[in-house]
Amino acid sequence: MKSVSALALRALTLLLLASVAQTQPNYLQDEEWINTWRQGFNFQCPHGQALVAIKSYFSQSEGSDRLWSFECQPTPSTLGEPTECWWDDINRAGMEWSSTCTSNGLVAGIQSQYFPAVLDREWQFYCCRYSRRCPYSCWKTTDVPEYYREEGEMVIPSYGYFIRGAQTTFSGVLRDRQWKYILCRMTDFDCAFQNF
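Just so we're aligned, residue 4 is where the sequence shown starts under the working numbering, counting upward by one.
Be careful, since some hints might not be right.
Cross-link-like lysine-lysine pairs, in silico, DSS-like; alpha carbons within 25 Å at most [unchecked claim]: (1) Lys58 with Lys143; (2) Lys183 with Lys58; (3) Lys183 with Lys143.
Bear in mind the hints are in silico, worked out from the structure with no lab data behind them.
Please build the complete structure, drawing on both the sequences and the hints.
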């Protein structure tokens, strides 16, 4: 009798563990990633929209690579339509990188290529300029992710701020990057200068 109750208790414990495991959210499956491990990608917001959220998930076993997810949002009508868009500077894999959209542009896309020899990616921003609007009240976020090899997430803190670029460091030991995004507001009027 004792062995039957021990088996029943063990079965009940396994059942409880299985039900708890099924109710836990699966971060990898619940997110719409735009890339697969070690693959290049090219993401562009629809015309008239800018990047407002970035999420990533790190895996050492997948070549010290990250899965990426991006969200866009229409820009305010006061900015008007983008007058031109372009691919800005590209970094080299394994190197630190700092890039701000030239010509007062806003980040409206990102492309990246993975390099297995370095276990890192090259990055390039897709930038769009809105007439002659100028950035102001700019600041950098804290490190995203806070520590190497963690999940990373950055969402624009309030409507009216835009991503203008980023500064990133690369750890040759941990084979991962941390990002500081450059966020700015844009004037509602045309201005005569360029803020490089």
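Cross-check of the supplied hints:
no.: 1; hint: Lys58 with Lys143; in the structure: 17 Å, holds
no.: 2; hint: Lys183 with Lys58; in the structure: 13 Å, holds
no.: 3; hint: Lys183 with Lys143; in the structure: 6 Å, holds
Checked against the numbered hints above, the structure violates none of them.
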